[in-house]
Amino acid sequence: MVAWTDFERVTIKDIFSKIDYEVVGPAAISRCLIVYPWTQRYFAGFGNLYNAAAIKSNPKVAAHGKVIMEGLEKAVKNMDNIKATFTELSTLHSEKLQVDPDNFMLLGDCLAIVVAAQLGKDFTPEVHAAFQKFLAVVVSSLRRQYY
Amino acid sequence: MVKWTELERSTVKAIWEKIDIDEVGPQIWARVLIVYPWTERYFGSFGDLFTITAILKNDKVAAHGKVVLKALDKAVNNMDNMKRTYADLSQLHFQKLEVDPDSFRLLADCITITIACKLKSALSPQSQAIWQKFLYAVVDAMSSQYR
Numbered sequence: 001m002v003a004w005t006d007f008e009r010v011t012i013k014d015i016f017s018k019i020d021y022e023v024v025g026p027a028a029i030s031r032c033l034i035v036y037p038w039t040q041r042y043f044a045g046f047g048n049l050y051n052a053a054a055i056k057s058n059p060k061v062a063a064h065g066k067v068i069m070e071g072l073e074k075a076v077k078n079m080d081n082i083k084a085t086f087t088e089l090s091t092l093h094s095e096k097l098q099v100d101p102d103n104f105m106l107l108g109d110c111l112a113i114v115v116a117a118q119l120g121k122d123f124t125p126e127v128h129a130a131f132q133k134f135l136a137v138v139v140s141s142l143r144r145q146y147y
Numbered sequence: 001m002v003k004w005t006e007l008e009r010s011t012v013k014a015i016w017e018k019i020d021i022d023e024v025g026p027q028i029w030a031r032v033l034i035v036y037p038w039t040e041r042y043f044g045s046f047g048d049l050f051t052i053t054a055i056l057k058n059d060k061v062a063a064h065g066k067v068v069l070k071a072l073d074k075a076v077n078n079m080d081n082m083k084r085t086y087a088d089l090s091q092l093h094f095q096k097l098e099v100d101p102d103s104f105r106l107l108a109d110c111i112t113i114t115i116a117c118k119l120k121s122a123l124s125p126q127s128q129a130i131w132q133k134f135l136y137a138v139v140d141a142m143s144s145q146y147r
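Protein chains in written order, with the working numbering: chain A, 1 to 147; chain B, 1 to 147.
Be careful, since some hints might not be right.
[Claimed, not checked] Cut-off 20 Å, straight-line C-alpha distance, at most; resulting in silico cross-link-like pairs (SDA-like, lysine to any residue):
1. Lys133(B) / Thr124(A)
2. Lys133(B) / Ala52(A)
3. Lys118(B) / Thr124(A)
4. Lys96(A) / Lys133(A)
5. Lys13(B) / Asp73(B)
6. Lys121(A) / Lys13(B)
7. Lys120(B) / Tyr21(A)
8. Lys118(B) / Lys96(A)
9. Lys133(A) / Arg105(B)
10. Lys133(A) / Gly44(B)
[Stated by the list, open to error] Listed next, the stretches of chain A that the computed footprint assigns to chain B, with coverage defined by at least 3 CB atoms under 8 Å from CB atoms of chain B:
11. 30-40
12. 61-75
[Unchecked claim] The following label-pair restraints were derived from C-beta to C-beta distances:
13. Glu23(B) / Tyr36(A): 53 to 63 Å
14. Lys60(A) / Lys70(B): 13 to 23 Å
15. Lys3(B) / Tyr42(A): 26 to 36 Å
16. Glu22(A) / Gln95(B): 30 to 40 Å
17. Arg143(A) / Ala54(B): 10 to 20 Å
18. Lys121(A) / Lys74(B): 24 to 34 Å
19. Ala54(B) / Lys121(A): 12 to 22 Å
Derived by calculation from the structure, the hints in this document are not laboratory data. Keep in mind the model is a prediction, meaning the values are calculated, not measured. Just so it is clear, CB atoms sit at the ideal spot from N, CA and C, and this is done for glycine as well.
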């Protein structure tokens, strides 16, 4: 089980209380689709993803961004049990969606950049380190049900 | 050789112009040591790196941050010739300093995050994509003399 310091617990909860899921979720996923264009392969049903403008204004992309943030919120509320929290999601991504697990960190990186841009100088190195650790645990949990 | 479009060249230069090496160099370097603490192994001679506060106040860390960003300036000014520009530095890091080349990617990520904190929404997804292409070309050039 992952050991969290008090600082890390407070910091993660603080970050998630400061960010607007409706802004950050869509921003992170659209950034991922733009910066790492091969990830678009998983969203064939989303319609127009042909250029950055289309991606940024695509309502299905925005909706999916919010879904992802809601998923992450479960992890924030269950920091001592992220593995169990994400068992079903991991199985879903592995068996049904067949997502290459390397992509989880790409989205994580985009999320870090969006959060950094939102928080500015409040995204200090210590806050960044706590967030990075949180992302690493989330990614590891999502990878867990892959063989 | 990496191909650069006019837009990519001007975007990299525009981002770089906004960076004050003396201000941002120390921040980036401290961030690497704090977020990826195993990188401290390369800096035994830097004195006190035992706590985050110590890292943030350490003069040698700050000075090294500026050295690294000044070297990055060479890449901005030699985008068509990065491998040759960095051949000697790559050799140095490989043979003398024995730095794990994965570390270059960690540094690249910290540079991007620090810039995101500073530029915020001005670092659009398209700009991020271009900046990351540039940094990964630098990472590639720095890894080029490793065998």
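Verification of the supplied hints:
no. : hint                             : in the structure
1   : Lys133(B) / Thr124(A)            : violated (25 Å)
2   : Lys133(B) / Ala52(A)             : holds (16 Å)
3   : Lys118(B) / Thr124(A)            : holds (12 Å)
4   : Lys96(A) / Lys133(A)             : violated (27 Å)
5   : Lys13(B) / Asp73(B)              : holds (10 Å)
6   : Lys121(A) / Lys13(B)             : violated (23 Å)
7   : Lys120(B) / Tyr21(A)             : holds (17 Å)
8   : Lys118(B) / Lys96(A)             : violated (40 Å)
9   : Lys133(A) / Arg105(B)            : holds (17 Å)
10  : Lys133(A) / Gly44(B)             : violated (24 Å)
11  : 30-40                            : holds (count 4)
12  : 61-75                            : violated (count 0)
13  : Glu23(B) / Tyr36(A): 53 to 63 Å  : violated (30 Å)
14  : Lys60(A) / Lys70(B): 13 to 23 Å  : violated (45 Å)
15  : Lys3(B) / Tyr42(A): 26 to 36 Å   : holds (27 Å)
16  : Glu22(A) / Gln95(B): 30 to 40 Å  : violated (51 Å)
17  : Arg143(A) / Ala54(B): 10 to 20 Å : violated (34 Å)
18  : Lys121(A) / Lys74(B): 24 to 34 Å : holds (28 Å)
19  : Ala54(B) / Lys121(A): 12 to 22 Å : holds (20 Å)
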